[in-house]
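Novice: Chain residues, written in single-letter form:
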Amino acid sequence: MTKILDLGELAVKKSLGFAADEAEAFLTQGREISVRAENNEIKVATSQVEDGVGIRAFSNRGLGFASVNVLNEKEIEEAARDAVRLSQVTPRDEYNILPEPKPIKRVPGLYDDKIEGLGLDKAISLVEEMLAIARDYDSRVIVELATFDARVEWRGVVSSKGIREVEEASHFFCCIEGMARDGEEISSRHYRSNSTRLVDEIDVKRIALEFAKSVVASLGAKKGESFKGTVILSPNAAAELMMRPIMHSINANNVQKGRSKWAGKLDERVASSTFSIEDNGLLGSGAGSYSFDREGLPPTALKIIEDGYLRTYMYNTYTARKEGRRSTGHASGGARGLPSIGPTNLIVKAGDKSKDELISEIKEGVLVTRFAGTANPVSGDFSGVVKGGFLIKDGEITNPLIETLMAGNLFELLPRISGISRETERIESLVAPYIRIEDVSITSG
Amino acid sequence: MLDLLENLLSEFSDVDYGELRYHKRRRVSISISQGELEAAGSTVNSGVGVRVLHRGGWGFSSTSRIDKEDLKRAIYDAIRGAKASGKKGEVKLGQANLAKGKFTPRINDPLTDHSFEEKLALVRNTEDRLRSFAHIVSATCFYSEMLDHKYILTTDGARAEIIDSKPEFVLIGVAADGGEQVMAIEALGATGGWKDLFKKEPDEMVEIVAKRASDLLKARHPKGERATVILDPGIVGLLVHEAIGHPMEADRVLSGAITKGKIGRRVASEIVTLVDSGPSQFGEHAGGVVLVDDEGVVAERTVIIKDGILRSYLHNRESAGIFGVPSTGNARAFEYSNDPLIRMRNTYIEPGDRDLEEMISEVKEGYLLKGAVGGETDVNAEFMFNVQEAYRIENGRIGELLRGVAISGQAFHVLQTVDAVGKEFRFGLGAGTCGKGPTAAKSQPARVDAGGPYLRCQAIIGGRR
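One line per chain: the protein sequences are A and B, in this order.
Reading the first sequence from the start, the letters are residues 1 to 445 in the working numbering.
Reading the second sequence from the start, the letters are residues 1 to 465 in the working numbering.
Any given hint could be a false lead.
Distance condition first, Cα-Cα at most 30 Å in a straight line; then the derived DSSO-like pairs of lysine-lysine [unchecked claim]:
1) B:Lys423 with A:Lys261
2) B:Lys436 with A:Lys122
3) A:Lys114 with B:Lys442
4) B:Lys218 with A:Lys265
5) A:Lys43 with B:Lys68
6) B:Lys200 with B:Lys423
7) A:Lys74 with B:Lys24
Bear in mind the hints are in silico, worked out from the structure with no lab data behind them.
Input sequences plus hints: build the corresponding full structure.
Specialist: Written out as C-alpha cells, the structure reads:
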C-alpha cells in the first residue's frame, strides 16, 4: 500500500527537517473482528480499526521516540518533532545507528484474501460451532470462554538509510477454555488454541473436540504420590513451561545486561543431545513469520540450540552493533514502542520415536498436558500446578491426577531430556513435540 | 468533540442502549537500566470506543479515525455486532448514578510543568547513584506518566468529561554475592501531579534500596512454618487486591468464584472492613483513583466486607442488573479500543486503633513481613506471595532479618485469623498494573492501588523453593 510508504516518507522527511541525523518510521494499519463466548453463550461481537506510526530519531547518537495512532500530516509532524526533540537531550550512545537496507525476500502465505469476505456472521457461526462440538461431545463440558479473531494488518518501515518496505498479513486465532463438571466434581481447567495465516487452516472443529476430550478425560482424577521421576510434557505443556525462560535467555539484550543464564555459554552444552531448537521467520504461512522485522531487515533461519549445544542468541541492530555483528532480523514490536527482540517461529526439532513409544518406556511417571505456574526467566526456577496430568505405570497411561505441584529449574531439566517425539504440534508460532524428561520432582497436594 | 459525539447519539435510536467513549491518552516513559537508555518516548493514543446493547447481545467497536463518517461506521459495526450476537433474553442494566459534568482529580504541580529533560535527568541520576554502590550488580529506574482526557456519553443520560493524571516512579536494585542474587524494589505511583507522586525523595529511595539489598544479601533463609505474621500495608494491599478483591468482581462471581452466595455471611474476622473505592478516603492521591467509570457511572466507595461480613460485590451495569443492585462504578477500559471490564480501583482495609509497636510486643514468636513483590493466586483464593523482608519477632521484639520468603495460605482463612488492625495507613500498590482479559493477548492493564494498615494474622511462611 503506497499510502503507508508515503506517510512513512513524510515522517522521515519531517524528522530530518527538525535536524535529526537519522530517522525511521514504523507504520501499521489494522482491522480486526472478534467474537467472544462466555459460559456457553455468545457474549460480544467486536470490530476494531487502528492505525499507528512510531518514529525513532537519532541526533548526535542520542535516541528519541514518539508514536501516535492517527495517520495524518499534522499528527505525524507533531510526533516527528517530539521524537527529534527527545533525541537531542538524551545521552549519546555510539551504537545508535540505523541499519543499512538488505534485500528482502517475500515470505509466501502471509495474507489470505479470503479474509475480505469473512464478516461478523461467519465469525459468530465459527464460535457457535466450537460451542456445539464441545457440548455435543459430552454434556458435562462447560465452555467458559471461546473466541475467534480475524485480523488484517499492513506494516511498513521507512528509514533515512533507504529502507522502504510494506507488507500485508492476515491472522486468524481461535481458542476455547473451560472444564467438565460431573455432579460436585469439577475437572481441571483446559485450554486449546489455534493460530493461522490462512482461513482454510483454521480448525475450530479439531480445537473444540480436543478440548472436550481432554476435560472429560481429566474427570475422575485421583491423588497421586509425591515422587521424583519421569515426566512427559505434551507440546502444549512444553510451550507453557519451557519457552519463556528459553526465549528470555537467547535475547541478546538480556545476555548483554547479565540477565541471561546463558550469557557466555555459546558453543557449550546446555541441553541433552536430542534437543535442537530453531527460529525461522521465513516459514511459509507461519503464524510468527514476516518478510521484514520491526527495523525492516529480513529474518534468518537461526539454529539456536543444535544437538544440545547453544549456537547463537537473537539480535536486533542495536544489540548486534554492540558486539560488532549483524542483526539476525529479530527486531520485534509495534508502532508504540522501540524495537525490542523477539522470536518468530520457534521450532523444536522432532525426534524419531512416537509419543506412544516414549510413554511405553516409562515405568512410573506423569504425562503433563497443561502447566500453570510461574517461572523466573532469569534463574529458570519454576513452580506451579500440573493440570491435566495423567499417571503412567508400566508404560501405560492409567488415571488422571488431581492437580499436583511441580517445581524445579528449567536449565537443570534440559540436560535430562531423554526423548523427543516424532509427532509435533503447532501452537501459535511454536512447533513442539512431546518431550520426556527424567528426575523431575512432583509433589502430590 | 463533545458536540460531535452528542450529535451521534441519535444513531442509536433503534437499539436498547448505546455508549460513546472518546479517550485520548498521552504517555511519557523513560527507562534506564545499567546506564543504558531503554525507553525515551512519548506516545499519543486517541480514539472512540462504541458499545451497544440490543436484546441481550453486546456489540463493541473502536476506531482511531475520529471524523464523523468513520465514527458512524464504527457505530454501525457495534450495532451490527450487538444484533448478530443477541439471541438470549433481555439484559437489564442496573441502576446507576450517571455522571454529568467535568471530573478532575486534584493535581498538585502538574506533570506537564516539568520538562522531559528534568524527568530524564532524574531517572539518569537515580539509576546512576544506585549503580554506584559496589554490591549492586544491576540497577533499573523508570518513570512513566499517563495523562487522560475522556468524554463518555450514553443514550440513557451520562455526559461526562474526565481528566486524569497518573505518574509512577520505580527503582530496582539487584545485589549479588557469588551465585546468590537478591532484589530490592521501591515504587511510587499516584493519581495527581509531581508533588503527589514524590512523597519520598528519589535520593532516599536509592539509600533504602541499596541498604535493603545489602542487608538481604547477608540474611539467612527462614524455615517453613505456620506462624503469626504482621503484614505491612503493601502486603495487605497485595493480599486484598489479588486474593480477596478478584473473587469479588461480579463477573467472576457469576462464573462460580468461591464468594458466590456468600453475601451476608462471615468471611473475615470481625475487626476487618474491606473497601474498594473510586475516590480515595485515605490518601487522596492513591494510584487507582477513578472518579467516573467507563460506563459513565460515578465511581463510589464500595464497602465489600463490613466488620467481617460480606456486603457487596463489585459491579458494572450488567452485573448490577442481574443482582438487582445499583452499579458500583467498577467498569474500566484501558484505552478507547478496549471494552470495559469489572476492575478494582483503590482496594483497602480500613485502619484500626493499634500501634505497630504494641502489635509486635504481643507476639511471642512470629514475623514482621515487609514489601510485597508479587506472586500468584488460584481461583480458590489460595495465594503465594513473595515478600522482600521478613524480620523474626521473638518475645515481642524485632530480631534477625531473613530473606527469600514466600507467604501463602487461603486468603479468606487468613482474614479470619486477623486479631489486630493497626492505625497507620498506607497505599502501596500504586505503581505497576493489574491485568485482566479473556485471553493473554487481550489482557487489559489497569492502574490500581491497594493498601491498608498493619495486620496481624496467621499464615504459612515458606523457605526457599
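Novice: Going back to the hint list, which numbers does this structure go against?
Specialist: Result: hint 1 breaks, nothing else.
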